[in-house]
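Trainee: As given, the protein sequences belong to chains S, Y, C and G, one line each in that order.
Residue 312 in numbering that gives the first Met the number 0 sits at position 313 of the first sequence, and the numbers go up by one each step.
Residue 42 in numbering that gives the first Met the number 0 sits at position 43 of the second sequence, and the numbers go up by one each step.
Residue 76 in numbering that gives the first Met the number 0 sits at position 77 of the third sequence, and the numbers go up by one each step.
Residue 288 in numbering that gives the first Met the number 0 sits at position 289 of the fourth sequence, and the numbers go up by one each step.
Just to be clear, a hint being listed does not mean it is correct.
Since the list can't tell identical chains apart, any single copy or any two copies may satisfy a pair.
Unchecked claim - With a straight-line cut-off of 20 Å between C-alpha atoms, the simulated SDA-like cross-links for lysine to any residue are: (1) K207 / G142; (2) K282 / S38; (3) K282 / Y57; (4) K320 / P138.
What the hints contain is simulated information worked out from the structure, not anything from laboratory work.
4 protein chains.
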Amino acid sequence: MNSFRALGLSLGQLPPGKGCSICDVPGVRVGHRTLVRGSGPGAMRTGVTAIVPPGDPYAEPLPAGAFVLHGHGKAVGLWQLLHLGTLETPILLTNTLATFRCADAVITWVLERHPDARSINPVVLECNDGYLSAIESRPITEGDALAALEAAGEEVEEGCVGAGTGMMAFELKSGIGTASRRAGEWTVGALALPNMGRREDLLFLGRKLDLSGLPRVRREDRGSVVVILATDAPLLPEQLSRLARRGALGLARTGAPASPGSGDFLVAFSTAYRIPRKAVRVKVEFVPDYELGKLYRAAAEATEEAVLSALLSARDMEGRKGVVPALPRELVLT
Amino acid sequence: MNSFRALGLSLGQLPPGKGCSICDVPGVRVGHRTLVRGSGPGAMRTGVTAIVPPGDPYAEPLPAGAFVLHGHGKAVGLWQLLHLGTLETPILLTNTLATFRCADAVITWVLERHPDARSINPVVLECNDGYLSAIESRPITEGDALAALEAAGEEVEEGCVGAGTGMMAFELKSGIGTASRRAGEWTVGALALPNMGRREDLLFLGRKLDLSGLPRVRREDRGSVVVILATDAPLLPEQLSRLARRGALGLARTGAPASPGSGDFLVAFSTAYRIPRKAVRVKVEFVPDYELGKLYRAAAEATEEAVLSALLSARDMEGRKGVVPALPRELVLT
Amino acid sequence: MNSFRALGLSLGQLPPGKGCSICDVPGVRVGHRTLVRGSGPGAMRTGVTAIVPPGDPYAEPLPAGAFVLHGHGKAVGLWQLLHLGTLETPILLTNTLATFRCADAVITWVLERHPDARSINPVVLECNDGYLSAIESRPITEGDALAALEAAGEEVEEGCVGAGTGMMAFELKSGIGTASRRAGEWTVGALALPNMGRREDLLFLGRKLDLSGLPRVRREDRGSVVVILATDAPLLPEQLSRLARRGALGLARTGAPASPGSGDFLVAFSTAYRIPRKAVRVKVEFVPDYELGKLYRAAAEATEEAVLSALLSARDMEGRKGVVPALPRELVLT
Amino acid sequence: MNSFRALGLSLGQLPPGKGCSICDVPGVRVGHRTLVRGSGPGAMRTGVTAIVPPGDPYAEPLPAGAFVLHGHGKAVGLWQLLHLGTLETPILLTNTLATFRCADAVITWVLERHPDARSINPVVLECNDGYLSAIESRPITEGDALAALEAAGEEVEEGCVGAGTGMMAFELKSGIGTASRRAGEWTVGALALPNMGRREDLLFLGRKLDLSGLPRVRREDRGSVVVILATDAPLLPEQLSRLARRGALGLARTGAPASPGSGDFLVAFSTAYRIPRKAVRVKVEFVPDYELGKLYRAAAEATEEAVLSALLSARDMEGRKGVVPALPRELVLT
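Take these sequences, add in the hints, and give me the full structure.
Mentor: Spelled out as structure tokens, the structure:
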């Protein structure tokens, strides 16, 4: 169970999956590499999170789509993902200035498995953890990225781990959050990395919370959020892009403002079939659009809950510019 | 004041404009033509709403943008609006099957004023009122569309008028709603035509309401919503498209599901400058992106409130397939 | 054979289909309604062309896509076509100011066949024939549009007929042109309505022609072009949008400038399978992207040839503002 | 003069700029870093090319746009470029698997100049030189990328240098090519990195060349092309995206097939004004759309010529899998 459900909370119309995590979609694995070093101006509070699809995505890519709510971000790999409609590598999340080292590490990872690969399309997404972490010191190495991939397992650790280590949202400590929904015979899972919004923006299950007792963590009107959606429903790539759009509805319901400096990226993939690199025909029995209502609701609900669960799983953290407080649970449980 | 404010309600972080209506943007006018005829299977509950920008939009087009949250709709005029970045006619809202007659009427309207016009780009948006109205009887004529344009004034009548006459949202009677926000020195106004969602979807100021006492109005998982945003802030066309995107955040907060059969279209225009048809240079002093945070919040808040105000201004209506109940105010005021 | 092949010309790498026409795709039919009335300032030189897909597109929509090279046009129906990925009606081509009457006529046409239809998405595209035709007199009626649909057959008449009646391209008389290509086991057919470009822009099989002996037909830097592509290859909707993109390569090779006032729209549909309105699953065995090279070349070649064939099939025409000369065949055959 | 003009060739309707190079746009500089090492299976034939805009792009970003003709590529930085409409770093071109190391090097380059930068959006584009170069050995280092930036000057070296070192197009050796056009008072410059097409695809000034005397260089139906456009015309970001679209018309006229495995990316920026990072208003006097015809033609012509000039400036090159022949000049000059 995610941190949200563990507190007895619930949200939306659809039932959660067994673990209420993105790993409820069979075969999806998540791993973290967490860096917490030093304190003061040189403090490092950062990391890498890997979402690893089942099977061999390079030989047998998965159908995939994406939606960019606001594009102030450094996302890597989405042009090809959108034009081919496929995901051919694991997905990494990290901090803004580590994006390209992580992408380079994915090339290493694929070449180790496919030495004859000549074109590789890593997918890496990022948020900026520069309030708590000395982002410009660029501590993340290829080894860190590979370690996150290596660590991937079927349980999602939430909170201040991996890419979530130094993130904050709504001036509260954030981190990694996850959730899932059952939509008929299928499951939709979400993993969120929320790093957006000012205190006034937060909507917790639709409510404004009284955060006046907490220290302000001033920041400009920026911040980003990344969401990864996985499903076992047999959707076409373009339908997965539409699923990703519904994730944005869930973001909006948390109060995410999609502010001008925000990189709000959502990626969705399906494990239901493959588009093998050397196929000459691909058979699929897809769900036509008019039947997608439940899956759309599942994507919106799982995304909203994953964001809230990230807030609830995080703990106070001291870093470069001070302490970012976690969301006090008593505010939520009353 | 709109119907929402008239009940003493409020929403969001920013103050409303003087009338809390799209007409708070100076020069913007709104007119309705309402058709309520007959009862039973042939009942007509439909109409046309006109949003008229100031000045002569054909000679001196206004900068404009749009966002399509989900494109299951018959919207007319948005390709040219998006590629040229301009609005050159008033905007009409109506029912699905009247879209093209209304667009044709706008050609008439422009030719009356500019007999030498040879290319005209009407902007018409629609929702489907086929539950309450015999939409396939196609009662709307050119005269109705011209009457809505003729009726345009600086007060917005809300509720079951104009294009809103036969609409319903969340299985409640809907109609036309409006709202506005002040964002520093500027105003953002919204006019909404909500026609989306099942009862379970509604979020009223973030809350689920207990609608179990009301008769169900069963419908498929369809329905649409149209939002028009106006501002006096000097934004570039692409920035107006981004403003329209933030309207979608407001829609999401009302519970709008963007279901598979939904046409969720948002159009935004600015009255701050003109792009004259024969200009060889256009001077503008625009607000750069990093300064748009408040305007974005204004768009989201005004849109959410315009939808709720549409629900609060509507009254029970009997039509083709039965009665659609208005939202009981007591559910909201407790 | 189209007019281009009838002159013994050829183009590209791939072989043409049997008739070198869009009707080489089994089941696709084309019909025209031509209006040539009066002379002088009130001359009417206009019409409607219908492209009718096989079967009952409303009950069983076809997969479809589109590409907008430049969006200064009034195209109707493409938002839903793109978001649902389906074509549910015949496609009409006509003049700019008749767009919406034609769209309204398609509603009539569908309601005659499906009286219970409540949402209908006509697809209508247009170019501006205002040089030769008194476009502002708006002579096209619902009856004309229905007549074009009624006239649809398996032979494509090219030249100054239907929507092509009053069009011109590169300051030469244009009209309707068609062509097709074989791509392995499949066929790609194109129908073009070219109305773009100044004389200096024309590239005929890559060559500049010496048009100095012809009267100039002055016009602003505007003009549009519409292309419809049909195929029997089993492509996904998004792949059909990519096929339409390759049509734009063919346009470019004719010298089409995509000028600022140009509405350059390309629509593609497949007859290989259906997405029935009430299906809960749709089976398809699609061609994956890496196998699309030949189909892409077929789309580019068929489009280029369809444009040239439109020029070669047209005849001198006198209209509102004077005579527009046809391309002298001797310039091409030397 | 570029290699194309040096042979006495010309193309299009508009006059070239003084040097017929992207550096005809005042302040634009280009630099190369070339790696030619070893032979046989481990041969390295690769490099980096830098396009450096005038001034301090990080403090004062330039308006920018882009067009993706086909997105099978690893382009970095375009989401933010498109959503903000700005270019804030130099642009690097390199081989596919070096993309992310080059992007990481741009972060280093910016941090050296702006130690307080916390969010940096490098723009890096790539083609695959894996036929001539052992791309999987990943020889490009941060130092190479910085060397290309360091080498930037106001003369463009064409041919087998920088990112062009190992590229081929139409089964001929390719490289870096450049060209420019005067459009009234303004200049449009293009720099191309062509790496696309099979022999049968090539159109040289619209003509098929007889390449049967050359050895075939077999390859799959892949390959990419990158084009950078610069102008001193005061265009809005969205207009620069439209300018980039016209570059694609020029590509099409060379026979570029936009094949399924192709990453065809075009980026355009303007030097006419700045959008300073901390501005609260930006004044611009832009050219409205109807006046863009000449600039659009300039972009198409400069792009076509830059591709042809890349072919004419290249020389035979031996590499990993054999020799790729240059285009024999005698085929072109007859």
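Trainee: Does each hint hold? Answer for all of them.
Mentor: Quick rundown of the hints versus the structure:
1. With identical chains, the CA atoms of K207 and G142 are never at most 20 Å apart, being 42 Å at best within one copy and 48 Å at best between copies.
2. Proximity of K282 to S38 under the C-alpha cut-off of 20 Å is found in neither arrangement, the shortest distances being 55 Å within a copy and 43 Å between copies.
3. Proximity of K282 and Y57 under a CA criterion of 20 Å is satisfied intra-copy only: 19 Å inside one chain copy versus 25 Å between copies.
4. For the homomeric pair K320 and P138, the shortest alpha-carbon distance inside one copy (18 Å) is at most 20 Å, but the shortest distance between copies (39 Å) is not.
This entry does not satisfy hints 1, 2, going by the numbered hints stated previously.
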